[in-house]
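Q: Single-letter residue listing:
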Amino acid sequence: MLRTLSPLLLSFAVSSAALAAWHFQAPQEAEACGCFVPPDPTVPIVQAGERILFGMKDGEVTAHIQVQYAGAAADFGWLLPMPSVPEMELGSDELFAQLTAQTQPKYRLDREYLGNCPFDPSRFGQGGGAPSNDSAGGESGEGGGSPLVLRDTLGPYDYAVLRADAKQPMLDWLDDNGFFVPAGTEDVVDTYIKPGAFFLALKLQSGEDAGDIQPIVLKYQSDLPMIPIILTSVAADPDMGVQVWVLGDDRAIPRNYHHTRINDAAIDWINAGANYAQVVTDAVDEIEGHHSFVTEYAGPSSIMGEILDYQGRFGQEAMLAGNTGAVEFVQYLNNNGFPLFGGQGPNGFNPTFSPLILNILQASLPVPAALLEQGITPSDYYWSIQYYLGTYRQENPEQFVDLDVEFVAADLARDLFERVVKPTLAAGSIIRDHDYLTRLFTTLSPNEMTKDPVFSFNPDLYDVSNIHSGKLVYHCQLRNNATAENTPAVLTTEQGFKIVYGDGVGETDSPDAPKPWSTVFMPQSSYQEILREEGEPEVVADNTDEIQSALNEARGDSGGCSTGGSSSGAGALLLLALAFLGLNRRKEDQA
Amino acid sequence: MPFRLATASLALTLSLAGACEMEEPEEELMLSAEIEMGLSVDGEGFYPTEQGSDQVLEYGAQGGMHLQIMPRFRGASGVVYLERSARLVDDGTLVLRSPTMVLDLPADADESWWHQPFALTNFMCPTPVGIKLYDREVEFTYELRDKNDKLLAKDSLILMPRCPSEVEEFCHDVCSGN
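Those protein sequences? They're chains X and E, same order as listed. When the letters of the first sequence are read in order and numbered with numbering that gives the first Met the number 0, they come out as residues 0 to 590. When the letters of the second sequence are read in order and numbered with numbering that gives the first Met the number 0, they come out as residues 0 to 177.
Keep in mind that the hints were calculated from the coordinates and are not lab data. Owing to the predicted nature of the structure, the values given are computational and were not obtained by experimental measurement. Glycine included, each C-beta is placed from N, C-alpha and C at the ideal position. The reader is advised that the hints may include incorrect statements.
Stated by the list, open to error - Simulated pairs of lysine to aspartate or glutamate, EDC-like, Cα-Cα distance not exceeding 20 angstroms:
#1 X:56 with E:165
#2 X:56 with E:142
#3 X:450 with X:432
#4 X:166 with E:165
As the list claims (entries may be wrong) - Chain E regions said to be covered by chain X (calculated; three or more residues, Cβ under 8 angstroms):
#5 94-108
#6 124-132
Said to hold, decoys possible - Computed, partial: chain X to chain E, Cβ under 10 angstroms:
#7 57
#8 58
#9 190
#10 195
#11 220
#12 402
#13 450
#14 530
Chain E with its partners taken away, still in its complex shape (with noise of 0.2 angstroms):
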């Protein structure tokens, strides 16, 4: 395809999508169940947390550092999808997102809270091209999802990410994006 009939196609198409956009409903307005992100002790339990709190970065297994987080479900029951990312609050820029989990919540999450037995671990480190990851906050965004892809919950949490001080230098090697 000559080059200028490719550019001239994808800005039409650039222009259709964007005007598909705008008509969308605004799905979060619409949402059916809910979820809570809070922290867990030695990977169990669940925690409030307050936006902005310090949180310190885990050894992972393989060389990694990550964050464990702790969401609750409510409202929602069966094979729902969870949907995980996180940002930079800073600049916006997207540091992590995780494959899709499927999750089978059962039927007393209908009613009332419920979380797993173990929290989730964000991979953080080593951090993409580029990029420093402690000592700045990130807003972790999780959504549950339908089979139809549609919205069922949303939340977000902002956390502060800490090198842990016993393998500091190691943590600055991993999650300075060098």
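Chain X on its own, in the form it takes in the complex (with noise of 0.2 angstroms):
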């Protein structure tokens, strides 16, 4: 019998925040991630997304899948169909993270003042005023009858690679040899149960625990990436998010699934986009089946730049080990590019090392419990440790009865090259491989998870940047005592569509107040498409005439789009104005 404990099965970040990459957030909270719901062996356990980077050349595709999971390392088990024997290798957290923060979507706000707006920051000089809204939006050996191919070890994983040429011998295995396949995978697993297939599962090793567990990559013959997603339904939650990169020539496509253009008058521009998640999620709803993806990003893989992997990055390996004593080891680390930066902190940048560089050195120079108990952050502690072993120690020496500074430096140094320095710089050189990235989003509840979605390329088709402009224009003339808040303004989105905040937009400040982009029953997406392997793409749904004339109607109702009050005299003003400017909307979408 099956043991239906944790699955595991790729799994991603679906929010901003998640999205945001470890490096701006605490470890504990990055792992925190909701993924997976234990203990019940009857229920499946759920995983909150996918993220993946499929790297395309000379016929053979290299997958870096990130593994997020938040259950016991016990409870860690992980399935994966494959065309071939995949050659296996460890791969890097940073890899998403840096993804992630250089093609996420942004929505960004131009603000112009006519009249004599007291808030124009131009009257202030240089910074104050207006709220910034540059921050990152959206999201946010076989023997007898044993199916057993290969089984080996890598990092903390135990791998094994079974034919799955049926069914059952396979999953027998499986659980006779501790690797727990989620409850429900004997209802889906069929689809890729076929002569000359091969089921990869993966597990944790004894002693290693869930904060070890790190990427992969997987490299196998095949003409075009895809992604089982069947074999996910049964672990997922609604809505889960499923983010692709593809690297190649060219711009890549969701070969058999739609693709949408969301409608970015729905895009909450006030505040940077922060519903970008949902209006992806009720766009590609719109389309039958619900199988649509939009493109993020489509462009230059130099985007990525040399961030992974810049000239001289982690040193030398005999360098490091041979520093012997612990305050020199971590100073290593931190003059050789192994924290990153970001976020805020007292001196305005927040040294951060990823879940996997602190899982390993917490092995060997573990955090004092007090340290950790006054709030002092593992990424705190060893950024700063010459001084915590130095002077805070010499302060404060009841805080170290547990100190264990005792370490084989060698020993150290291999396992964070082997885990670390290896993979990143691999992560790098795939980056740099491929001319062309395209990134890619969609939601999937578990029903809606029935084909798996492959991905192919169009040299025909137009770059699509992750940077989106918006026009904010405050009419301060129309009103007297006018803030940023209660000025009527316009804003013109990207693709064209009008905004008419009569009694300014101060009213999306409110969590409570109704938002106009929320109030105005409009279609979420602006085209949907079909985008094939040459030539331009094929509207499937062009809607940007319901859009104009849902934000026309808006407008005419209330003086705004706003439905949450009475028209205001400066909102009407502020539509006579509007006619006067004979403002358009430019039907053309910002490819």
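Build the complex: two chains, separate frames, hints provided.
A: This is the structure:
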């Protein structure tokens, strides 16, 4: 009988916060993604999303897959159907953090101040005034009858490749050997059972914990990359995010899924696109079957620059191993690009180590428990280890009763280079080996996971920027005692839609107040398309006129898009001004 | 850029592109090598076939259905690049553009036919949205190019993909474009 415990499959972050990369969060938070819901073995464990980078070259697919898991290490298991016996390597969390950060959709507003706007920042010189909205938006050896082909270890993992020409022997082998399979897998695995097929099964080695989980890299022969999403359906959240990056010579397309361009009038521009993920979810749901992807970025892979593998990063293993003292060893890490910098800290930057590096360091040079109890994070401790083991320790010796700085520098250096440095440099290499990068996103609920998405390429398609710009014009001439909140304003989105804030954008500041973009009943997609492997997109539905009509109607009803209050005199004047100015919607969507 | 200006620029660009195309030499007249597309048995060996012959779609390991084609080459050696595509015969729709493959042809291929040990898998299903890909003729085109993108050889083969009876329902599902 199967032990229907933790599965695992691939998992991804969905919200912008989760996608915002580990280096802006405490490691505990980064792992607490809620991807899985143990422990009842009869309940499928839930995953929150999937993140995959595909590289296509010479008929070989290279898949970097980020595995996120928040259960007990012993309950961790992972299954993936493969077209051939794959080559397998360790991957890099930082790859996904940087991909996310560099290609994340961002919604920015240029502000224009007409009339005598007391809150016009130019009146006060630099800084102050209007709130900034430049933050990231969006998402925020076989034998006998055994199916075993090979079994080995890699980093923290124990893995096996099994023949998948018959279901029961494979599932029995997994059960007999402690590879857990999620409840419901038996019902959906049939699609992948066939002669010549293989399954990769993964679990954590004994002694490893969930914090040791890191991405894996699989290389296998295939014409086109595919995500076995049907298998994921047994353990997925509703509206699970599926984030895919595809490297190749040209822009990648979803071959057997539709393509959606979201209605950017539905975006919360005032709050930097905070509702982006919901708009995408609603937009792709407008397609029959809910099978559609949004292209979030399509352009040169150089957008990633040399972030991962810049010259001299990480130093040399031998030199690191030569630092036999704890302080010197960690200082070498600090000085050679092991921590990343981001967020806000007391010094304006916030050095943070990845959860994997922290796990490796903690195993050899643990942070004293008393420091953790005081809220000092492991990243703080290692970044400032000279201080904590120097002055601070002299002043607070009682907090170091469990201090353990006995370690083997060569072993720790080897571990760091094997599990962190090599995968990160390899990730940088695959970016540089391909000219073009496409980022695609969709959300799928388990009942919609009936079709495995396949990705192909179209050299004729245009680039897509992840930076979106709108314009917000304040009409201060229409109101006395104008503030940034109460001044009538008109927002022109990138796609050319106009949203009138008759009572000012302040109406969006209250979380309970109706939002213009949510109270106007309109399609959440501007275009529904089919992308072929050549030529321009085939437009299945053009909703732009319907969107404009809905916005016009809302404008006429209330003097603004908000339905939250009566039309103000200023709002009515603004409408007249708009009419006078003859503002026209630019129909063309920004490619 | 104002929209009208952008449109004008695009029109000019297209017109210049068209003019350049017309002046290009017909590269197919200068082919220096040969490709012949055939089939294989269990993925091995080269077997010539007739245009339009039936070919059963094979189950892929990740849930797809594919056709195996064995090309053989003559008149070239060393590193060359193979580009593969497939179009519906009835309306010309492109249904597959495979990533370029790098081949290292042995010196023997300069003088005599040479083929790889295994046939090439041509990804058919899941099909592009809205396109049925069984019981319908598909023309496969293979082009061999050198490092300078010069066309060395070209061949086409028309096949009629058929769903295997043992998984017909599944095949119809993933090859119908739904």
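Q: Looking back at the hints listed earlier, which ones does the structure fail to meet?
A: As far as the earlier hints go, 1, 3, 12 are violated by this structure, in ascending order.
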